[in-house]
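Q: Here's the letter readout for the chains.
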Amino acid sequence: QKEVEQDPGPLSVPEGAIVSLNCTYSNSAFQYFMWYRQYSRKGPELLMYTYSSGNKEDGRFTAQVDKSSKYISLFIRDSQPSDSATYLCAIGGGSNYKLTFGKGTLLTVNP
Amino acid sequence: SQTIHQWPATLVQPVGSPLSLECTVEGTSNPNLYWYRQAAGRGLQLLFYSIGIDQISSEVPQNLSASRPQDRQFILSSKKLLLSDSGFYLCAWTPVSLSYEQYFGPGTRLTVT
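Just so you know, the protein sequences line up as chains A and B, in that order. Per the working numbering, the very first residue in the first sequence carries number 4; after that it's consecutive. Per the working numbering, the very first residue in the second sequence carries number 1120; after that it's consecutive.
Simulated from the structure, these hints should not be mistaken for lab results. Do not rely on the hints blindly, as some may be mistaken.
To give an idea of the chain B side of the interface with chain A (calculated C-beta under 7 Å), a few residues [what the hints assert, rightly or not]: (1) I1170; (2) L1209; (3) S1218; (4) G1224.
Computed cross-link-like contacts, DSBU-like style, restricted to lysine-lysine with a CA-CA straight-line distance of at most 35 Å [what the hints assert, rightly or not]: (5) A:K59 with A:K5; (6) B:K1198 with A:K5; (7) B:K1199 with A:K106; (8) A:K73 with A:K59; (9) B:K1199 with A:K45; (10) B:K1198 with A:K45; (11) A:K5 with A:K73.
Counterexamples of contact, computed for chain A against chain B with all Cβ distances above 12 Å [claimed, not checked]: (12) V16; (13) N25; (14) T27; (15) S29; (16) S31; (17) G62; (18) R63; (19) D69; (20) K70; (21) S71; (22) S76; (23) F78; (24) R80; (25) Q83; (26) T111; (27) P114.
Just so you know, even glycine gets a beta-carbon here, dropped at the ideal spot from N, CA and C.
Just need the whole structure built from these sequences, with the hints factored in.
A: Next up, the structure:
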C-alpha cells in the first residue's frame, strides 16, 4: 500500500462550483498535513497547513483532516479560473522532517 | 522576508555531461534544505535532504550527489548525466522552528539529450 494516495483526475468544474480534493494515507503516525498548489512549470506553493485533526479555513479554502479514517480533504468554494492548477497533498511525521507527497490532482475551472 | 533562488531556470545537456544546480535561501539561517525531482506522472521524488549544514541524507541511490558548502546554499551535482535524469528539479527549505512547512523554489527544468 502506498503511503499517500491521491486521485490524479483530471477534474473539470464550472466557475463558482465547490471543489473537493482528497488524499488517503496509510501511516497513522503522520501528524502534519499540507496542501500545495502548483501552476504549470512553476514550483509548488504552500496553501494550507494543518497539525493533527480538525478543520482549518483560509478564505475560500478549507482543509479537513480525519485521522480515524486516514483521510484529508481540501475544499475550494466559489472556484475561479485562477484556481486551475495541480493540487498536491503532503503528509509528514516523526523527527526526520520529510514530507510524503501525493501525485497531485489536475484541476481546471472553466469560465 | 525569506526568498529562495534556483539557477539555472532551464538547462539542456547531452548524455554523459556533468551537472551542477544551485539553490540559495535568503533571509534565514540554519534552514532544512531539500532537493526533489518531478517527472511527468511520477509526482515529487525526494532526492536529498539536509538537516543542518553537516548532514546530507540521500533518499534514492543514483548518479546524483548533493553538497551544502554554506548554511543557505545547496548544490545538486552529477558527474555523468543519463537520459533518465531529465525532469523538473525543485529545491525547498524549512525553517527549523516550523519543521514541516516546506517552501519551494521556482525550479530548474533539465532536459538530457
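Q: Determine for every hint whether it applies to the structure shown.
A: Quick rundown of the hints versus the structure:
| no. | hint | in the structure |
| --- | --- | --- |
| 1 | I1170 | 6 Å, holds |
| 2 | L1209 | 6 Å, holds |
| 3 | S1218 | 5 Å, holds |
| 4 | G1224 | 5 Å, holds |
| 5 | A:K59 with A:K5 | 26 Å, holds |
| 6 | B:K1198 with A:K5 | 32 Å, holds |
| 7 | B:K1199 with A:K106 | 28 Å, holds |
| 8 | A:K73 with A:K59 | 17 Å, holds |
| 9 | B:K1199 with A:K45 | 26 Å, holds |
| 10 | B:K1198 with A:K45 | 27 Å, holds |
| 11 | A:K5 with A:K73 | 13 Å, holds |
| 12 | V16 | 23 Å, holds |
| 13 | N25 | 16 Å, holds |
| 14 | T27 | 15 Å, holds |
| 15 | S29 | 16 Å, holds |
| 16 | S31 | 17 Å, holds |
| 17 | G62 | 18 Å, holds |
| 18 | R63 | 21 Å, holds |
| 19 | D69 | 19 Å, holds |
| 20 | K70 | 16 Å, holds |
| 21 | S71 | 21 Å, holds |
| 22 | S76 | 19 Å, holds |
| 23 | F78 | 21 Å, holds |
| 24 | R80 | 24 Å, holds |
| 25 | Q83 | 22 Å, holds |
| 26 | T111 | 17 Å, holds |
| 27 | P114 | 27 Å, holds |
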